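Listed below, chain by chain, are the residues.
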Amino acid sequence: MLTKGKMIVAAASALMITSGVATAAELTIYNVASVSGAFANFGKQAEKGVKLAIEAKGKAAGMDLKMVTVDTESNAGKAARKVKAVIGKDDAKFFIGSTLSSTALAVGKEVNKAGGIYINGSGADEITGKQCNKSMFRWSAPTYGAVNASLTTVLDRNPNIKTVYTITPKYVFGEAMLENAKILLEKRGIKLVGNSYHSLKESEFSGYIGQAMAAKPDLLLLLNFGSLATNTIQQAVNFGLKDKMKILLVWSNGIDHLRTLGPKISEGIYFGSQYWHDEEAPANKEFVALSRKMFGETPNYPMAHYYQMTKLMLDAIDKVGTDPVKIRAHLEGLSYAGITGDEMIRAEDHQVEKYFYLLEGKAKADMNDDDDLAATLSKKKYFLPTSETGCVLG
Amino acid sequence: MRVRGSFLMSLYLFQTLNGLGLGLIYFLMGLGLTIIFGMMNFVNFAHGVFYAAGAFICYQFIAWTGMFWVGLFAGPIVVGLLALILERFLIRRLYASDHAVQILVTIGLMLILRESILLIWGTVPKNVSPPEILSGVLLIGDFAYPKYRLFIIGVTIVASLGVWLLLERTRFGMTVRAGSENPIMVSMLGVNTSKLFAATFALGVTLAGLAGGLMAPIRGASAFMGAEALGIAFVVVVIGGMGSFVGALAGGLIVGLVQSFTSGFWPEGTNVMIYSVMALIIMLRPNGLFGRS
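The listed protein sequences derive, respectively, from chains A and B.
For our numbering, add 1113 to where a residue sits in the first sequence, where the first one is 1.
For our numbering, add 28 to where a residue sits in the second sequence, where the first one is 1.
No lab work stands behind these hints: they were computed from the structure.
Here the structure is a predicted model, which means the values were calculated and not measured.
Using N, Cα and C, we set each Cβ at its ideal position, and we do this for glycine too.
Be aware that one or more of the hints could be misleading.
Below, computed lysine-lysine pairings styled on DSS-like, alpha-carbon distance capped at 30 Å [said to hold, decoys possible]: (1) Lys1377/A x Lys175/B; (2) Lys175/B x Lys1329/A; (3) Lys1314/A x Lys175/B; (4) Lys175/B x Lys1357/A; (5) Lys1355/A x Lys223/B; (6) Lys223/B x Lys1477/A.
Pair ranges (Cβ atoms, derived) [what the hints assert, rightly or not]: (7) Asn69/B x Met1176/A: 51 to 61 Å; (8) Lys1477/A x Trp97/B: 17 to 27 Å; (9) Leu146/B x Lys1179/A: 18 to 28 Å; (10) Glu1299/A x Ile105/B: 53 to 63 Å; (11) Gly259/B x Lys1247/A: 35 to 45 Å; (12) Val1505/A x Leu178/B: 53 to 63 Å; (13) Gly1381/A x Val219/B: 52 to 62 Å.
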């Protein structure tokens, strides 16, 4: 026999179940990515990384997890406006990612004003340098690390390289890449015989390749990324440059670039990469298995770093709750087992110290399976000392 | 001094040949658009996505058969057949509509087709290799130019001549031109204008598919490649004049040469120069170089 009180509880429970009222709170992670525009391909892959991290975690601090994508449209101004809008409307606090450095810098300012947490993977040194702020963390190695880790190994392996030609996208990321390359080349006594700038909307690179051919360098150093880099390499090989000089793409998408180009084109070309799926680290093996199970595919760089950044955010929330001040304090100085091996977040500038890979495209005959497109030549950590970054966390 | 002179000579020769090659590709992209607009007074904002579809179908047939030539042939044919189906069930309902309606519907069509490409082939761009015989470069002294780009120039010239002969020297072309001037009169003379317009639309779209297939070994196949192609095609058509075959040729060559030479001395300003040239031509000749008022 039910008592009056029990009947009320039972009725209320039944009402909640039938009306679909959620009993658990929900935590929203805002995925800042370009899912339209010139870098839409990157953003669509990145979304998968966030989904994987959410799927793997299930709940954080007892809350159900939800992803909302903020489409940057590959445009820093639009990205900042959209982020500001969700902060104002939904009191959004937790942001992940960006495709372009200019976007990361713009979004970082908005999130900092709102007192949230923002973990991104963009390259410009300023993100954890002169334009750093207390809300912004960066997982990827910055341009300094990418250039030094990849170019140093290529120069060491090819002592006959005496001249270099660069192709650079004209914006903050490209400028930072070029600046770091110039410093390193000067240190090594290697001559930069020319540089071609191009816009972010470029798809025809034959004019720049003609300039590079005429300069006859020993190394063609590509400082662009994504589909810009794919087109550059494809057209450079069309023009027979692979037979005349070494080619290094410093900031590749790893397996995506290698798959798109195919072994016929990528054989013998060097690719710098933030991530490589063959990494033996246990956290990576777990991630690769999850990706293959959920999407039936081997993960690429956009997926990998959005996964790792989301995982960092969710693990922190799980540990200390949703107060951004506590999350920040928890992340600063944190060492953890990441997808590239041992990783550590520097407290002074919020830069994650992680490995950067140099790959060399394999010939089809040397591949063990469809994903075995490159050999890992080196795995290095290169970061400016915190005293030299110019970062003051305000 | 002589070395510097030879270097510049080689560079100018390269930029000129490259500009002509690019210009002919842009001509092919603009030609389909200008035929559809000029003959049918129809504004097709889905033209770029047909270009992308041509590249993907080319890729797919090569993946299935391992033969480049099959892919290059299948790309425009399949895209042309798709155009016939779309014309039958959607496009022909818009001929009598305002241009604004045509633009809105074809933008919608473009989005549907682009998302379909993403669903079928995914977000990662696909690579297409040219056949062995067209791989590598043709060397003349210090001067090198890819064999495949020379092949594109040849194919484009042949295809353009074919289209010109079809439109200017055949009964079909004569009827299409007459239909564009006065469709009611042509219809009263016993010509089936529905079929005529369907064939014209399919021809224009087939050319976009051919351009996509030809460009795949140079720029790969990407779901988003159509937007840029559409922009360039419109610039070509605006410079040359809406509906003009010769205008599309002139527009394509101007855009190709401006792009090639600008990349030599002001690489980051290539798009600015292309659009500046277009603006200048519109100011001097509002209907384009060969456009009808």
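Go ahead and decide if the range 17 to 27 Å is satisfied by the Cβ distance of Lys1477/A to Trp97/B. Since Lys1477/A and Trp97/B have Cβ atoms about 22 Å apart, the given range 17 to 27 Å holds.
Can you tell me whether the CB distance of Gly259/B to Lys1247/A sits inside 35 to 45 Å? Given range 35 to 45 Å: holds, Cβ gap about 42 Å.
Regarding the pair Lys223/B and Lys1477/A, is the alpha-carbon distance no greater than 30 Å? Violated, because 49 Å separates the two Cα atoms, which is more than 30 Å.
Given hint Lys1357/A paired with Lys175/B - CA-CA distance at most 30 Å: Measuring from Cα to Cα gives roughly 17 Å; hence the hint holds.
For the pair Val1505/A and Leu178/B, does the Cβ-Cβ distance stay inside 53 to 63 Å? holds (57 Å)
Can the suggested window of 18 to 28 Å be confirmed for the beta-carbon pair Leu146/B and Lys1179/A? holds (23 Å)
53 to 63 Å as the expected CB spacing between Ile105/B and Glu1299/A, which holds or is violated: 55 Å Cβ-Cβ, so the 53 to 63 Å window holds.
Hint check: Lys1314/A vs Lys175/B, CA-CA at most 30 Å. Holds or violated? Holds, because 26 Å separates the two Cα atoms, which is no more than 30 Å.
Below or equal to 30 Å on CA atoms is what counts here, so check Lys1355/A against Lys223/B. Given pair Lys1355/A, Lys223/B is violated - Cα atoms ~50 Å apart, limit 30 Å.
Per the hint of 51 to 61 Å, is the separation of the Cβ atoms of Asn69/B and Met1176/A within bounds? holds (58 Å)
Satisfaction of hint between Lys175/B and Lys1377/A, Cα-Cα up to 30 Å: Status holds; Cα separation ~17 Å.
Regarding Gly1381/A and Val219/B, is the given constraint of 52 to 62 Å on their beta-carbon distance met? Holds: the Cβ-Cβ distance is about 59 Å, inside 52 to 62 Å.
In this structure, the hints that do not hold are numbers 5 and 6, in rising order.
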